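Same order as they appear, the protein sequences are chains A and B.
First residue of the first sequence: 1, per my numbering; consecutive thereafter.
First residue of the second sequence: 1, per my numbering; consecutive thereafter.
The hints are simulated quantities; they were obtained by calculation from the structure and are not laboratory data.
Honestly, I wouldn't trust all of these hints.
Claimed, not checked - Subject to a maximum C-alpha distance of 35 Å in a straight line, what follows is the list of computed DSBU-like cross-link-like pairs (lysine-lysine): (1) K104/A / K205/A; (2) K12/B / K318/A; (3) K110/B / K140/B; (4) K259/B / K318/B; (5) K271/A / K318/B; (6) K104/A / K140/A; (7) K60/A / K271/A; (8) K277/B / K318/A; (9) K277/B / K271/A; (10) K318/B / K91/A.
All values derive from a computational prediction rather than experimental measurement.
In case you want the letters, here they are:
Protein chains: 2
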Amino acid sequence: MKDLAKLMGFSKDTKVVDATLRDGGLVNDFFFPEDFAQALYRANLKAGVDYMEMGYKASKDLFDTSKFGPLKFCEDDYIRSIVGDNMTDLKLAVMADVGRCNYKEDIRPKNESPIDMIRVATYVNTIPAAVDMIEDAANKGYETTCNIMAVSSGQQENHRVALEALCQTPVEVLYIVDSYGALYPEQICRVVDTFMDVCTKYGKKIGIHAHNNQQLAFANTIEAVGDGVSFLDATYAGMGRGAGNCSMELLLGMLRNPKYYQYPVIEFVEKHMNALKQQGVVWGYDLQYMMTGMLNQHPRTAIAFTKEGRDDYSEFYKEVVALD
Amino acid sequence: MKDLAKLMGFSKDTKVVDATLRDGGLVNDFFFPEDFAQALYRANLKAGVDYMEMGYKASKDLFDTSKFGPLKFCEDDYIRSIVGDNMTDLKLAVMADVGRCNYKEDIRPKNESPIDMIRVATYVNTIPAAVDMIEDAANKGYETTCNIMAVSSGQQENHRVALEALCQTPVEVLYIVDSYGALYPEQICRVVDTFMDVCTKYGKKIGIHAHNNQQLAFANTIEAVGDGVSFLDATYAGMGRGAGNCSMELLLGMLRNPKYYQYPVIEFVEKHMNALKQQGVVWGYDLQYMMTGMLNQHPRTAIAFTKEGRDDYSEFYKEVVALD
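Between the sequences and the hints, there should be enough to build the whole structure, so can you do that?
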């Protein structure tokens, strides 16, 4: 049983990261309505959110710029068109995927950019590339995180080796990413334990990015908070790939730190997120995501099921069980 | 951290209770499509569910029979029209609310009824009436539970006194009911602790009935399982009042006992639950329910908001904060 004092109080180390534009952008290929990002920026400022992830730094060699909105690429000038010089306490982040980012060229030195933090996303088998990206970004003056994706599919011992290697770099935060939405709170607790074991030796912080395949994104984030995780990803109305993420409105309602305000999030969801849904943008818990989550599979088949407008869950169940 | 063996294994004491008709009936006033209850009965049989709650034993003096479907009243003959003599391992339950049931007349002796279990629902301030109902039902030959509603609004010491009184009766199961969907898993853990403290002295079992106001119905049920709770309520597609309940498909996906099968639930949801939704029956997580849950309020204002088709969450927030 967790310490009662912790439930009533709050940790000063907690940082809330709004990943709506980045993970939500995976749902609509980053084609957000014109005023969306600016309004979200203002809502985050009012809500006391600590970091706002603006999108990806994706390679233009690999991704056709005509097929994605500009936040897939997050050019500095485009970010400035949204946030100006961002002379605020809200820090800006972008995600850079291993193997999908020309980081040496496309990430400019920090003193030329409005971005504060580079989040390097990697699978556990591409750690050397992630290390190079982290060092590149740190040398350019950025804060850095390393987001280890699909933690549910790796062996605990592999995580330990990966973390030891990453902890030799200047990276500040090591992220647990439950990409498949496969983990139960008790399992999150054990993954955190492994991360904590290595990261505390090196003074690194730990983050959590949860998916809602089994309606556990918020619960897993709460579990992680109780276990000492400090960087918490959330998205407005849970918008994110497939079943989506931990909802910002739920997270700010739970955190006891009086610096956070839930009301601006409610206003934003009312005005902007429901409008997206009415335009036919689809995300959130549904049975196809539960199935891939339970089976610890990548959600791509479930996303295709959704896009095709299918509702034959029982046929889909047979298809994904056959993949297992 | 919970015992790893427990996560891999399963408890033989676990009983899964399908509350779809009863809690779901609160959404559509028990007007289910004609073949719904029978198909649900067959799905529960295939899925290995232990108990099926058929509805309420509501007083016809208090409730107009023309305004509700027959499962609001669960007359024995009507139940027989659905399940015949139910010569199966699936037991049947009905709920009887303190102050809303003419139990002395309307609950016939067990040997005249297809029902196996009477679930007495009470607030913590009406325990003497609940005790009388439990004794009446037990004397007539039924299994009994006592479902203590709105546990989030009571003081821990009141629960202890109530439980001591209830444990003097023949009741078999004491239920934690988070009617407001207000509790976080860490709080569930503490409530279970209080229940366990009293109930184990008397050899009584503990149940959990969760609501999904904060997307925690499943997580809170998992938490309770890990803490030793054995009777688990769930509903197909989470159908239940307001934000709904713990989803049967999620619960059976998590329980490791090979007696449970998730596939019949998936088939039923595909065929019957989505049809209900398409007919305009509305339940499930939304911001209005999150707000009443967070504020530890009865969901009646949020249900009215939903019925009126409102989507001005921010106005509603002001209204419910003012009630606090």
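Hint by hint, here is what the structure shows:
no.: 1; hint: K104/A / K205/A; in the structure: holds, 26 Å
no.: 2; hint: K12/B / K318/A; in the structure: holds, 28 Å
no.: 3; hint: K110/B / K140/B; in the structure: holds, 6 Å
no.: 4; hint: K259/B / K318/B; in the structure: violated, 48 Å
no.: 5; hint: K271/A / K318/B; in the structure: holds, 16 Å
no.: 6; hint: K104/A / K140/A; in the structure: holds, 10 Å
no.: 7; hint: K60/A / K271/A; in the structure: holds, 33 Å
no.: 8; hint: K277/B / K318/A; in the structure: holds, 24 Å
no.: 9; hint: K277/B / K271/A; in the structure: holds, 24 Å
no.: 10; hint: K318/B / K91/A; in the structure: holds, 30 Å
Violated hint for the displayed structure: number 4, the only one.
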